Structures are given as structure tokens and as C-alpha cells.
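Participant: Residue-level listing of the chains:
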Amino acid sequence: MTTNPTEQTPDTAEAARTTALRWATAAGGLATVASTFLAWTFTSEFPGDLTVYGYPGGLQVLTLVAGLFVTLLALASLGVKGLGWLVPTGSAKALRMAALGAFGTTWFTVLAIAVKLGGLVNLEPGGFVAALASAIPLVAFLLPDDTRKAGRPRELPSWAEILVIVAVFGAGLYVVTYGIDTEYAELFTGYLITVGFAMAALIKSGVIARLSALTATYRQVTVIAAFVAAAAFPFTQNTDVYTLIAVNILIFATVALGLNIVVGLAGLLDLGYVAFLGVGAYTAALVSGSTASAFDVQFPFWASVLTGAAASLVFGVIIGAPTLRLRGDYLAIVTLGFGEIFRIAMGNLDGVSGPQITNGPNGIPNIPDLEFFGYNFGEPHTVLGIELGSYANYYLLMLLVMILVVVVFSRAGSSRIGRAWVAIREDETAATAMGINGFRVKLIAFALGATLAGLAGTVQAHVQHTVVPEMYQFAGPVPPNSAFLLAAVILGGMGTVTGPLLGATLLFMIPAKLQFLQDYQLLGFGIALIVLMRFRPEGLIANRRAQLEYHETDQPDAPDKGLPGSGVGITKAGA
Amino acid sequence: MKVMTTTTTDKSAVPVLEASGVTMRFGGLVAVHNVDLTVRAGEIVGLIGPNGAGKTTFFNCLTGLYVPTEGKVTYQGNVLPPKPHLVTTAGVARTFQNIRLFANMTVLENVLVGRHTRTKEGLWSALLRGPGFKKAEAASHERAMELLEFIGLAEKADHVARNLPYGEQRKLEIARALASDPGLLLLDEPTAGMNPQETRAAEELIFAIRDQGIAILVIEHDMRFIFNLCDRVACLVQGEKLVEGTPEVVQGDERVVAAYLGTPFEGAPGAEEAAEVEAAEAASSGAGSGSGSLKKSGSGSAKESGTTGTEGEAQ
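So the sequences go chain by chain: B and Y. Each residue of the first sequence is one higher than the one before, counting from 200 in this note's numbering. Each residue of the second sequence is one higher than the one before, counting from 2 in this note's numbering.
Keep in mind that the hints were calculated from the coordinates and are not lab data. This structure is a prediction, so every number in the text was calculated from the model and none was measured. All C-beta atoms, glycine included, are put in the ideal place defined by N, C-alpha and C. Keep in mind that a hint or two might mislead.
As the list claims (entries may be wrong) - FRET-style restraints, in silico, Cβ to Cβ: (1) V730(B) x H142(Y): 36 to 44 Å; (2) A283(Y) x D344(B): 52 to 60 Å; (3) G194(Y) x G283(B): 45 to 53 Å; (4) L525(B) x R26(Y): 23 to 31 Å; (5) T416(B) x W125(Y): 29 to 37 Å; (6) A219(B) x Q198(Y): 55 to 63 Å; (7) I517(B) x L87(Y): 22 to 30 Å; (8) P560(B) x W125(Y): 36 to 44 Å; (9) S552(B) x L30(Y): 47 to 55 Å.
Given these sequences and hints, build the entire structure.
Facilitator: What follows is the structure, encoded as C-alpha cells:
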């Protein structure tokens, strides 16, 4: 900028400055990318092997991705042809988020090396270069805000739009798989930083809003693509280690989704929900033919699923019938009590303090693997030339259960009964004045939630091969427990399908991956929930109703306006 | 005052609602005492009375929200069950004094909730989504849109109820009540807080509802509105029915005027008292800007300030 600014109008000077800043951001992004090809440390003690020149590894890959993302966004903001789709609603805020992502990932890596290996001396010059380079894109914070209304998206042929959806779910599968497959805590933390900021940037840039518009147009394609992507997960795995994590995530997410009917739709605070999972699991264990079971029977799986679900249903009605006549907090207290009663009762039915049914605290071990027509779930099978471990079988089975729960949730949610649930939640007096039998409708929600949890429980018993009372407590370090289930629903977003799935995934992966947090985990979640309630009470993925409920001011009145921050497919059960 | 009421009162018309000897006690407090009221088919009946007279309590007795301590309420010859949802199912719909919409649901959804009693689809049919379910849903939608058309909110069907302006929220509440295909509609202060134009529109709307063959019982403070609208008016004071009759009769009744405006003291001439009041008002002139609106047919706020005299004694 050698021209004399006084000769220019302020507008052009401002424009020139903006352009220069954008170029600087792009250059910073590129420099960050380049720095990942250097060695950052000289010992291989830090996992991921960051010692090699010309070949990024481990956390460097994440930095590389974050840097590339910054560069792309910066180029898009400069109006480079073919990148305009990246920034439909303005680039400045998105660039800031992306820059923070690159900066965060890089600095986290560098600091992690220094802390883990005991000092900055362990850094190669490459590490310092990376730290400096990744700070350059932060100049994006000097950019003027250029948020605008998204223009009309360019018309694409429908096959291309469908292709976009498929590609997005493919990418989604890759990203999630990468996260589940991360081998050490540092990599997972870096992954969270990179993905979190990248998502924030995409939301700010309006790409997510456009995508959700697209998925709303092709609902069927979206749903199929989502489940195909989910079903493809075990085919990407070589070992069973991460498939087991994925199965547990699915169980946790399914139960959270069931709880979402009770809490999110009908507004009944259930603090003992995990007990229904336990009822299902114990029932399945007792009729599984396990040597430790008090009953010497072995039901076929379909029968034990039905028995487990029916037992949960009965318990749901027994607990719900007397308490659902009351309003508000009483239900929370009673369900909390029921949850604890269940756990303690299971611990006491050991032949000493009560009849011998459950082996008390030792639980019921040796639950056999499922078998369908000679297809044993406990053995690896080869499908399409790819060897699937035993947990892959359970993964696919659990996926089916989850699809069932998703269907139940979205169908029940958008029907006469679902409207009645929401009406009861909004204003019970008015709802009864509209002819809704509040007690009956609430009992249906409660019993349905219990049944779905019991259903998931029957599969869980076989996945874990053992059930013990301690798996079903109110709060504990390992999900699913009642507190975590509720947290998953609230964190993800009440009343949505994708919300609890996201919430459950995060709440399961974080403790599973960040073992070092162990002691501080509950503290961390407590703080995270408080922060969330302060800044985003409607959850990570909000449905429109919740968004309005929690943000009194600045309400968008136009009904069809895409709300910022709303995720993919949120309208499914929201409306 | 007197305007064209398209009176169609026919003394021989079948009674839709019959309340006889309704008494409601809350502990020692008798909120409603031995009230009889009949609403006949095709009739608009008004219920007036100063604040705290027990009008809303009486309403709640009719709609099953309260179970009357004594007396019985019949709808089309059948005793009404003591549960609000069963009362609605029987054919009595209501609106609320303080608007109770489902604020975070859309306008259309609000009306669809009103259809609840007239549809049967339970959980199973919702999950299985058979042809019966789709047909019923489509029919509900159609009826709901019809009602929104009727009250003039069709183009706002997808708006969230809380974002509607106040007058439209009142209208939507009426549409929601109408969605249950009632034979009797109970309106609790439908024009509270409305400006004169909106009140006029509400009047038209209520006449239109009556013309569909729905009997209407309405609580209101706006005298001009009620005397224009109703075929019969009953006045409740301190839980008891003071008088019932045509608007002219009630309007001319001294006791009603006394209940609303207070009785002058026997010995004290009006002029003296008025001077006293004026002096008091002058002293506290900074406090109230509405002191000039002590008109008989003014808006709700004026009415309230006009009734405070008796109120204080009553409570």
C-alpha cells in the first residue's frame, strides 16, 4: 500500500485494507500448512511421530487441515472463482473462527509437546515456526464484519444436490470415524479443537444453513445417506476396539433419544431413566440362558427383546401412574428415587437380603452371545470381503434399534399425540381445557420412553455379556447413567433427533478418550453445562421452538427463515 | 347505547347449559353462592360483575376446572363431568382471561391441538402411519385452516403464537376453542386490553360464531360491548346473582349501578363527597393520569378505577 491514503476516498482505503488483511490471512494459513512439513520435536516420545521433515503426522495433520481450511476461506473471501459457495453469508466471522481453530490446534500441539516432554527445549525450530505461522491468520479479527443475507443459491440439478448430500455424509462418516479412532488423548483434544472451530466457522459462513435447506428438500435421501454412513462405520475398522466404543455410543444415544421423548417432548423431568435400561438388561440377562441366571430358560432373541421391553413398560406404568398426576418437581424426585431403588434392589436380590434372583452386586455374568439362525454374533464374519469383528454385529443390530427409536420419535412427535405432549409441556391447564387428558397423555410418553430404554437394555446385556447393579446409577464416571443421559439431551438440544445423538456421542467419547480427566470429569461436565446454560440454553442443536423459548428478544417472526446455528435435519421432530 | 342486536332469543329454545344452585367454597370463603344460569341454543349470554365477584370462578365450575361444592351443571341434559378434558369432549369450549396459548407452537399447531377431542388417532396409528392416520391428519389440517380463515389468521398459520400481536392472540384462542366443535363457547373477557376497533371486530366475530349455531356465554367488563352483544345479561356481585334479564333491564337496574359505582351515603349529599374526591385527586394528581377517564362506558382500566369503591368494601 504505497499510495497516499489522502488521495483516496475512505471507502477505497478501507477496501484495500480489507483485501490486504484477507491476503495476510490466506498467507498465514498457507504458512501454517507449510510448517506442518517441518519437524516439531526431535524425539518420538511424543505420540504421532512429529520428528520427520516433509511428512506431517499425528497432530500435524490436524494443523494442516485447519491451515488449509483457513486458506480456503480466505481465498473465498477474496472472491476467488469457484469458492463462493463457502461463504454465502459473509466471511469475516467464519474466518475468525477458522483462524482460532488453526491457532488453537497448533498452539495446543506445541504446548502439549512442551508440557509432556518437560520444557520448550524439546521443540524443534519447526514447532516455533508453526506457532508463529498459525498466529498470523488471527489478523482476521481486524476484518470488518461483512455478514450479509445469503443470496439465492445457484440452481443445481437435483442429481448434483443429492450428490452433495451423499458427499457430506461421506465426509461426516470420515470425520466421526477419525475421532473414534484417535489413539491418544492429545490427538483427540486436537481433533475436538479443530472440528469444533471448523463447525463454528461453517455455521458462521452460512454453509450449514444451506446444507440443512438442502437436506430438508431431500429428506428421504438424507435419512438414507445418514444411516448408510452409520452402517459403513464397522467396515472402516480393522480391530474391535473402536467398534465397541461405537456400540456403546449407539446404546447411549438410543437411550438418550428415548429420554428425549419424555423430557424434550412431554416435558417430564425423569431423573431415574437409566433404571428402565437396567430393567430391560436384567430381564434379558435372566432369560438369556446364562449359567448365573436364576431362571433356567433361554429365550430366542426376539422373545427376550419383547420380554425386556414389556418389563420396562410395566415398570414405567407402575412408576408413572401414581406420580404423573402431580406436576413438576414431584416427578423428578420420585423418578430419582425409583432409579436408586432399582439399583439397590438389584444389589439385594442375592439370596441373603432377599430372594436369589440377580446375584446381588456380582450381577449376572456369562450372558451368551446372540444367535440368529446359526449366525453367531460373537464370532467375526466376513461381509463383502471385509472381516467384521464380533462387535460389528452388535453395532449393526444396535443401529437397527436406533433407527426404530428415531422413527418412533419423529412419528410420534409429529402427530396428534406429539402435539398433545408439547401442549401439556407448554401449558397444562390450557391443554386440559382443549380436551387433552393430561394424565393419560403423560403416561403414554412415560411408558413409551421406558419401553424404548428397555429395548436398548436387552441389546446392552448381550453386548456387555454381564449386568451388574453399578451400571445403572444416577451419576457416575461411565455413561450411560441418568445424569449423563439427561446431560446428553440438554447438551444436544431437547426435542430434536440429532441433538441427543450428538450430545451422547460427545459425552461418551470425551471420557473414553481423555482418560487423564478421570478425576475431574464430573467437575468438567458441571462447568460445561453451566456455561452451556448461560450461553446456549437450547442446546448445541436447537429446534425452532426451543430457540424462541430461550431467546425472548430478537425473535425472527418470519416462519421460514433459516435460523443460524440450527443443524442438519433439525426440523424432523421439531415442528 | 342501544344498537341493533340481531336478537333471536326464543324463550322456547332448548337450554344448552343449565347451572342450578352452583356454590363454590374455598375453605371459609364462598366465592360463588347458589347461582342459577341457563344458556339456550343460539343465545349470547353475558356475565358481568365487579372484579372479584366470582365470574371466573363460576366459569371454572362450568368447565370442570373446579368441582362445585354444591349444585349441578348440565350440558344438553347431561351432568357435566368434573374433569376439564371431559367437559371439552362433551362440547363446552372456553378461552382464558389471561391468554393461555401454547406460546411456542405455531398458530396452526395451536388450532390442531384444539382438534384433539374430535380425532381419535392414538400412538399406534401415529407410529404405523396407516391411511386412516393420514386421512385424519389431513382432515384436521383442513378444518384448522378453515377456522384460521374464519378468524382471519390463515396467512399467519406458520407463525409462532407468541409473536402474534395481542388482538390476534385473543382471536387465535377463540379459533383454538372452536376447533373442538363446541355447542357452547365460554369466553372469559375476550376484549380485555383491546382498543375500540378491535372490540368492534371481536363483536362481529362473536356474532358470526353465534350464527354457526354455537351458544355463547361471555364474561366482560366493557358495558357497551356486552349490552350490544348479548341477548341476556346476568350480573354477579359478591358471588351471588343479583339480576338477570335483557340488556335494558340490567342496564336500568339500580343495584347493578350501585355494585359498579358504589352507593352514595344516606346522609351525605353527592356534591360534598365529589368535592372531597376532587381535593384528594388534586393532592395526588401526579400519581394517576387516568383520573379523567371515569366514564361509564370507557375501557377496562377506567372501569376498574370506577369500581374500586365497592371493591374495597367487598373484600
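Participant: Given the range 36 to 44 Å, decide if the beta-carbon distance of P560(B) to W125(Y) lies inside it.
Facilitator: 40 Å, holds
Participant: Check the following: the C-beta atoms of T416(B) and W125(Y) are separated by a distance inside 29 to 37 Å.
Facilitator: 30 Å Cβ-Cβ, so the 29 to 37 Å window holds.
Participant: That 36 to 44 Å hint for V730(B) and H142(Y) (C-beta), does it hold up?
Facilitator: 41 Å, holds
Participant: How does the Cβ-Cβ distance of A283(Y) and D344(B) compare with 52 to 60 Å: does it lie in that range?
Facilitator: 56 Å, holds
Participant: Confirm or reject the claim that A219(B) and Q198(Y) have a C-beta distance inside 55 to 63 Å.
Facilitator: Holds: the Cβ-Cβ distance is about 58 Å, inside 55 to 63 Å.
Participant: Does 45 to 53 Å hold as the CB distance between G194(Y) and G283(B), or does it fail?
Facilitator: 50 Å, holds
Participant: Cβ-Cβ distance between L525(B) and R26(Y): within 23 to 31 Å?
Facilitator: Given a distance of about 24 Å, which is inside 23 to 31 Å, the answer is holds.
Participant: Falls inside 22 to 30 Å, the C-beta gap from I517(B) to L87(Y)?
Facilitator: 25 Å, holds
Participant: Verify the CB-CB distance for S552(B) and L30(Y) against the hinted window 47 to 55 Å.
Facilitator: Given a distance of about 52 Å, which is inside 47 to 55 Å, the answer is holds.
Hint compliance for this structure: every hint is met.
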